[in-house]
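Heads up: the sequence lines are chains A and B, in that order.
Using our numbering, read the first sequence as starting at 1 and increasing by one per residue.
Using our numbering, read the second sequence as starting at 1001 and increasing by one per residue.
There's no promise every hint is true.
Cβ-to-Cβ under 7 Å is the rule here; a few derived chain A residues that face chain B [claimed, not checked]:
id, residue
1, R116
2, I121
3, G125
4, V129
5, G132
6, F292
7, T297
The set of hints was computed from the structure by calculation and includes no laboratory data.
The beta carbon of each residue, even a glycine, is placed where N, CA and C say it ideally should be.
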Amino acid sequence: MKKPANLNLATVPPVIWIVLALFALYSFLASGFFSIGNLWNIAVQAAPLLILAIGATMVILTEGIDLSCGIVLGFAGVGSALLVQWGFSVWLAILGGVLLGGICGLINGVLVAVFRLPPFIATLGMASVITGAGLISTEGTSIAARIEVFDYISNGALFGLKVPVLIALVIFGVAWFMMRLTAFGRNIYALGGNSEALRLSGANVTAALIQTYAVAGLLAGIAGILVASRTASGHIAAGVGWDFDAIAATIIGGTSFEEGKGGIAYTVLGVILIAVLRNGLNVAGVPNMYQFALIGTVVLGAIIFDISVRRLSGAEESR
Amino acid sequence: MAEIAESAAPAGLWSGGGWKRLIGPALRPLGLLALCVALSVLNENFFTLKNIISVLRQSTILLVVAIGMNLVILTAGIDLSVGGVMALVGCLTARLIVGGTAIVPAIACGLAVGALFGLANGALVRVFRLPPFVATYGMMWIANGLAMILMQGKIIFGLPDPFLWLGSGYLSIIPIPVIIAAIVAVAFHFYLVKTISGKEIYALGANREAARYSGINTTKTLLLVYSLSGLTAAIAGIMMTARLDAAQEGMGEPFMLQAIAAVVMGGSSLMGGEGGIPGTVIGALILTLVVNGLNLMGVSSMVHPLVTGGVIVTAVFFDVVTRKWSD
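Working from the sequences, and respecting the hints, build out all of it.
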């Protein structure tokens, strides 16, 4: 069981250098990138991804993976948009969407912890099931939800911060607290590091694993509400590809699939990297269809770079 | 060992007797037979030579992708990029042909791109030690992205007849895709069972350390396995383009999960080292029959992802359970 080390200059993760390099490159290439307005844009765009990636990090720390979180994000948006259309109050609709995400996560957790399916299969299978459910309930169309609360969530400001950014920061704070100071967080680190020891210490390993996936589902639900409020609609495909971004942000941040190393504070860096990467391409006017291949390549490249640097420095330390 | 496995099990639900071990291997062919009988009863059009040939033809694309996937799964890996590679190769080949390239070089080019993607997967997994599902998931997005760039949001159709023959032609009453799939299946089966290289794949999946110590070049084997998976995905992508007379980005998407489902239903273990092509043939047929049955009953295609997802979760669940029996 290993807690993440404190950040200091001597151990700056490679991702920070990549982010700085990107900032310099974009400021040079894309006029209008380095402005207060655009930096806010980046923060607003990064907010749902950060929420999603916090869940992804928790799951990855248990040596698992959640490949369904992108679809769950879209499904939660669909759920709350449908509830709005059916005439439920806005807050119930939002709560319903988030809970829908939580239920999907709960099922993932049961499949992994109780039925012992490999996490990537359980969550891929769930992603397929949820896609089907979403297609059937929406006939494949986008469900409009033009309501004031959604407008406030996506565009409003509070305490000088844009609401999506504020929500993401609050969730990060709560998650950080839970990871550091509660049994929930300790169990997550122990599940990845040494689940046998956790079992022997008397903790309920199955319950801890289910909890982790359920919380990841809830977070995907919240991210789904943010995305739905931005587009004022719910669409099942709204989050396609987001799972890759969330997982990539986690790995680039330095959370590893082995031994429960890393944490959500690191993931913030990965999220910033991906948000900056996407935003810069948009500002520079690169068409959307070029972005998938480009970002996929950069992300895989960054992961390889990161792993190589870590392995080299790790080899030195062990000498 | 048995005690440890028992105590690790969440409950004593599936601690079974010896009869289950006897039935185990026969379960899949019997399931396939039961499904055929059920469908014949439900729909009189099912058990006709025409529909059977049509089912066989429908199953071929899935079967070819699943064969490559099977090799990867035998090494305890996974290839999530096959859908993306199918789409990319289909789009690339179609574009080359429409652009005036002769059919054979265009196909060769498509196959080479598929194999190269597979090789890159293998390198990411073996050389950079990425978990297979992360490496291949990333490559899936890259392949999809490249297909998007190639197509610029358009659909290509109106391909020349000799190319379409690969997807919809017949040799007397046997469809060409069935012949292609049969050749691929037989070739890979003999490769796995009869050659040393094939046996090394099983050894690698069963116990990687032991395989390394017994002198198997694990790097070479893994690179080969992932390349072959890219190659079969490429063949499937070309067959699909020829069958539909159309190429479009994202067209391979459903096949990733279906291929994994076919392999696991066919009795190959996701833990590696167990299973083979004959099982995968049965798995692919069962999955195709399920979809064919849904279509015959007039169920909307929007239900397909739900069914595929349910099938794969159930199949993997049974894989986990049966391995508990044999422990």
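* **Contradicted hints - numbers only** => none
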